[in-house]
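Enquirer: From first to last, the protein sequence lines stand for chains W and Z.
Residue numbering for the first sequence follows my numbering, beginning at 1 and increasing consecutively.
Residue numbering for the second sequence follows my numbering, beginning at 1001 and increasing consecutively.
To be clear, the hints were calculated from the coordinates, so they are not data collected in a lab.
Predicted model, so just to flag it, every value in this text is computed and none were measured.
Cβ coordinates follow ideal geometry from the N, Cα and C atoms, glycine included.
Watch out, some of these pointers could steer you wrong.
Here are the simulated lysine-lysine pairs, DSS-like style, with alpha carbons at most 30 Å apart [to be verified]:
#: 1; chain 1: Z; residue 1: 1242; chain 2: W; residue 2: 77
#: 2; chain 1: Z; residue 1: 1249; chain 2: W; residue 2: 77
#: 3; chain 1: Z; residue 1: 1077; chain 2: W; residue 2: 249
#: 4; chain 1: Z; residue 1: 1077; chain 2: W; residue 2: 77
#: 5; chain 1: W; residue 1: 249; chain 2: Z; residue 2: 1249
Quick list of the computed label-pair ranges, beta carbon to beta carbon [unchecked claim]:
#: 6; chain 1: Z; residue 1: 1011; chain 2: W; residue 2: 125; range: 52 to 60 Å
#: 7; chain 1: Z; residue 1: 1143; chain 2: W; residue 2: 150; range: 44 to 52 Å
#: 8; chain 1: Z; residue 1: 1228; chain 2: W; residue 2: 123; range: 36 to 44 Å
#: 9; chain 1: Z; residue 1: 1097; chain 2: W; residue 2: 132; range: 33 to 41 Å
There are 2 protein chains.
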Amino acid sequence: MHHMSVWVPTGLPDIRPGMDLPALIVDLCRRSELTPQDGDVLVVAQKVVSKAEGAVVDLAGVDPGPDAYALAAQAQKDPRLCQVILDESRAILRVRPGLIIAEHRLGFICANAGVDFSNVGLGEDCVATLPRDPDASAQGLRAAVAAAFGASVAVIVNDTHGRPWREGAVGVAIGVAGLEPLFSHIGRADLYGYVLHSSIEGIADELAGAASLLQGQAAEGTPVVLIRGARFDAASAGGRTKLLREPDKDLFR
Amino acid sequence: MHHMSVWVPTGLPDIRPGMDLPALIVDLCRRSELTPQDGDVLVVAQKVVSKAEGAVVDLAGVDPGPDAYALAAQAQKDPRLCQVILDESRAILRVRPGLIIAEHRLGFICANAGVDFSNVGLGEDCVATLPRDPDASAQGLRAAVAAAFGASVAVIVNDTHGRPWREGAVGVAIGVAGLEPLFSHIGRADLYGYVLHSSIEGIADELAGAASLLQGQAAEGTPVVLIRGARFDAASAGGRTKLLREPDKDLFR
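The shape of chain W in the complex, shown without the other chains (with noise of 0.2 Å):
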């Protein structure tokens, strides 16, 4: 019988910009007693790594330009929010009052291009951002765990993002590393020798969700998770441009 643990350590202090995120996931798994081995995949909500990554906006000091304030009018929010929204973004795909769907600049299409308040704690004007580069920030993770452990983990960032025609947001990965995000079954055999030729299966989001269930929104605080048992393909290059489909290939825009 096939098994797979999730674990979620408990213990992280307070991230603030400048801290040190791997480290600090080194020691709380050593204080946890749990000893991350080869195979295991580590799983960190993102808004830990942009606090620590010093991705952060104070509202306080943003001057919104005249395209947030008409985004603005028509989002019914902070001009000063959706000015910082703009600059992380591609593209505005849908806006209505209280919500405005973007394409964020490295792709991912979101709420607020992923600008948020909750979880920050910086001040009450201050939001995160996605960071910079969530693939370096999960190559990051892998390499301190590497050193500290001598394992060979696969490190995703997950972010929780709404999508189209089904309700509840859902963990997904932005940043990945050491894991194929893409599980392709193509060419493989179903159970009766029926060849499967369309069944590619976005195993970094399935693993993201599940790490999702456990790390909680709210005052829970954990924000790192440890799966071991998943089946999935080492890959050394980062991942996350691999689930993001060609907009000239999405028929949903």
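For chain W, the structure is supplied; the task is to place chain Z on it using the hints.
Expert: Positioned in the frame of chain W, the structure of chain Z alone reads:
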């Protein structure tokens, strides 16, 4: 340290129409010495549910109508398959050569309205359709586990769907029993006392995706997964409709 376990018992027999799937899953758990407990989540792949319930169609007996021939020409697919897809759909949303995105009669938006050749094994022209009422299927499994083990478990029937914007299909819940499929963080305080006002998590889909990671889709035959340690709110009513966004609230059709 919180922990979630995901078990994948092996040895479910080949499922044929008319078999008593709940009894076979109870037997599988017993043989695997896997005893469901209150609060566990049992996830069962759609394909075995459909087959046991006889939700299969032999294309040899299908007589395509003009709409099916028109769809087949546009999609470059078998007209008989297209007739079954039309029979299973409320609407056809997008068609390209090799691709049909449909709104299934139950509201799911997915490729081919869930009609699928893989892992059927009842003859090369046999396709499986989604269960008639997957919430009822989940309720039946939940009742069988309660009767056999005296345990109140949640049950999810899962399938794998593609999605806009992101590559790779992921597990989603198409039938739910005993679990509130959406977990609302609204009104809960974050780590720093900021009250969340927009966060609803699609936990049934995250659980479905976690199970999908281990079910495999090819020659492994492990459609049954038991998850212990997930946080969810119990619900007595079935729940798939809660996961489906109302069309007039959907900005991406």
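Enquirer: Next step is simple, just say for each hint if it's right about the structure.
Expert: Against the structure, the hints come out as follows:
{"no.": "1", "hint": "Z:1242 with W:77", "verdict": "28 Å, holds"}
{"no.": "2", "hint": "Z:1249 with W:77", "verdict": "20 Å, holds"}
{"no.": "3", "hint": "Z:1077 with W:249", "verdict": "20 Å, holds"}
{"no.": "4", "hint": "Z:1077 with W:77", "verdict": "47 Å, violated"}
{"no.": "5", "hint": "W:249 with Z:1249", "verdict": "24 Å, holds"}
{"no.": "6", "hint": "Z:1011 with W:125: 52 to 60 Å", "verdict": "58 Å, holds"}
{"no.": "7", "hint": "Z:1143 with W:150: 44 to 52 Å", "verdict": "49 Å, holds"}
{"no.": "8", "hint": "Z:1228 with W:123: 36 to 44 Å", "verdict": "40 Å, holds"}
{"no.": "9", "hint": "Z:1097 with W:132: 33 to 41 Å", "verdict": "39 Å, holds"}
The structure shown violates just one earlier hint, number 4.
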